[in-house]
Amino acid sequence: MNPPQLTPAAISQPTLHELALSGCWTARGIGTLGQHLDVLPVANNTEIIIDGMRIEALDTAGMCILHRLMQRLRGQGIALSLRGWRPEFTKLLELVSQYSDTPKIKISRRPALEQLGRSVAAILEEIFALLSFVGESAVAVTGILRQPTRLRWRPILHNIYSAGFSALPIIGLLSFLVGVVIAYQVASQLRRYGANIFVVDLVGLSVLREFAPLITAIIVAGRSGSAYAAQIGTMVVTEEIDAMRTIGIPPLDLLVIPKVFALLIALPLLTVYADVLGVFGGMITARAQLGVSYEDFLDRFVNNVDLSDYLIGFGKAPVFAAIITMVGCFQGFRTKGGGDSVGRQATHSVVQAIFLVIVTDALFSVIFSLMGL
Amino acid sequence: MLRDTAVIEVYNVSTRFGNHVVHAGLDLEIRRAEIFAIVGGIGSGKSTLLREMILLQRPDSGTIKVFGEDIQSLGEDAALALRQRLGVMFQHGGLFSSLNVLENIGLPLREHTDLGDALIDDIAAFKLALIGLAPETAMQYPAELSGGMLKRASLARALALDPELLFLDEPTSGLDPASASDVDKLVLKLRDLYDLTIVMITHDLDLLWQVTDRVAVLGEGKVQGVGSMEELSHVDNPAVRQFFEGPRGKVGQREHKQPWKTK
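Residue numbers (this note's numbering), protein chains in the order written: chain A, 1 to 373; chain B, 374 to 636.
Any given hint could turn out to be false.
Simulated crosslink set (DSSO-like; lysine-lysine; CA at most 27 Å straight-line) [to be verified]:
| no. | chain 1 | residue 1 | chain 2 | residue 2 |
| --- | --- | --- | --- | --- |
| 1 | B | LYS562 | A | LYS91 |
| 2 | B | LYS595 | A | LYS91 |
| 3 | B | LYS438 | B | LYS595 |
No lab work stands behind these hints: they were computed from the structure.
Let the sequences and hints guide you as you build the complete structure.
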């Protein structure tokens with residue numbers, strides 16, 4: 001079927017007392033005539049006949065345009081009369097004029113300053129909401145610690161598997177590559193001074209203290225934080241959360257606490273795993289680029305990298321874990337309305353979790369350097 | 374155009390999902406400017422049939438003609454042109470949650486015509502008023518609307534391009550009786566105003582008695598009976614009978630004695 005051929009709408013003024021309409025006054029037939037019609041000059045007269053004899057088709061869009069034109073002409077004090085209009089067209093005209101008397105819908109755009117104020121207020125509101133969510137979760141956690149039988153082991157194990165075990169390949173590969181890249185970058189500098197063996201200190205310290213915990217936290221925030229937000233968000237949309245509350249299961253107990261515990265266990269373990277593979281990557285590059293043998297590397301590693309360096313990196317992991325679960329679940333619970341909101345909250349959760357993880361990491365660096373560690 | 378010409382013709386349509394047979398050689402004809410309802414029990418293939426008529430799904434065999442065109446052999450352009458002549462109100466609205474009501478209604482116009490933005494907003498506001506929604510609703514988002522308002526907004530969007538054929542999927546489900554009888558009146562009003570052909574799926578006996586011209590009862594993959602509610606109430610087929618027996622069916626028939634139906 002080919003789209004029916006349209007005769008475009010046209011308007012002309014054959015005599016001073018007449019406006020002749022022709023063609024298809026439909027949404028598709030009008031085209032850009034609508035914009036011209038508002039400023040169409042009509043020879044000023046006291047009386048005009050609108051001739052509809054040659055109108056082929058007329059729909060709501062066409063009628064709205066014509067109605068606007070008629071109102072403008074009447075506003076100029078011109079008396080209008082219709083000639084040759086088909087009955088169904090006049091019916092439509094009556095309908096349009098009937099409803100156009102209803103109050104106009106105001107499409108208001110807020111001034112820029114108000115918009116700025118509103119977005120600042122929204123950010124502040126979100127910060128307070130996040131803090132109160134953290135508070136509620138802390139209360140729930142202490143409640144559970146007092147009554148450990150309420151702890152749900154099955155979801156914890158499930159979460160350890162999905163957030164921890166399934167993340168092993170990607171985290172392993174990426175931290176290995178980070179180790180390789182660090183060693184590669186410092187190789188040329190060290191070779192110039194003949195300080196090849198210092199590659200051990202550089203790789204060891206940077207991977208154990210910074211890179212392994214950070215890379216792990218960022219990957220987990222992207223993988224699991226967004227999944228938490230999406231899961232809880234979907235449950236909000238489908239009223240499952242409300243159902244849970246009605247049945248008498250606190251959603252925090254079932255959905256948040258197991259995730260907190262699971263990630264508190266999984267993220268430190270993943271960090272250790274990332275430590276091992278990162279250092280291993282550095283070790284391989286050190287031998288290939290700087291001729292530092294595995295024995296020499298490990299020997300110096302044991303003597304020059306302190307246990308405290310390892311513990312500093314390891315100790316950040318639970319903090320990052322708490323941030324990721326809190327932000328992910330919080331954003332999930334903030335879902336309102338329909339499907340696109342779930343996607344938006346999942347995005348928010350990843351962006352905020354990574355942001356907070358990096359800010360916290362920076363704070364840790366400052367604190368540790370003040371403590372002289 | 375002639376009142377009795379067929380707008381939708383369904384010949385010998387069969388649809389299967391795996392081993393589950395939904396339609397087994399189904400025939401149906403819907404005529405111009407009639408209000409036609411498709412009823413049937415759960416799993417009788419009402420929604421599938423509707424989806425096939427609005428080009429969302431293909432039957433496994435058989436022919437469906439809409440405005441005399443075989444919809445299975447349509448090219449992409451022709452299908453698009455056909456879609457612009459149909460309006461569909463989905464059961465749960467199907468409104469885009471990232472757009473407000475006015476933008477939702479104006480979307481088909483913005484997409485398919487060269488009209489200016491101000492004019493599109495005007496037309497959308499008119500449709501909104503026509504469908505009986507308050508002007509304040511225009512700036513609200515679908516998530517802020519009640520079920521009845523959602524359905525109305527969805528209907529307003531279905532009418533945006535002045536379609537010739539309107540599909541309503543469960544127009545009164547989930548509505549309170551007052552809103553449901555508003556829908557009755559609205560459907561009649563729309564048909565009278567635009568000479569629309571209206572096809573609906575519904576279980577609402579009041580709606581069936583008050584509004585429809587003809588009703589098709591689906592069962593076992595075929596049409597078990599077609600006719601006005603009056604005619605169907607005298608049919609002996611058990612699949613049809615179950616609609617009229619039981620307390621609900623009887624109440625529907627009794628209430629039908631007050632005919633304000635305008636046809």
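Return the numbers of the hints above that this structure violates; sort them in rising order. Of the numbered hints, just 2 does not hold.
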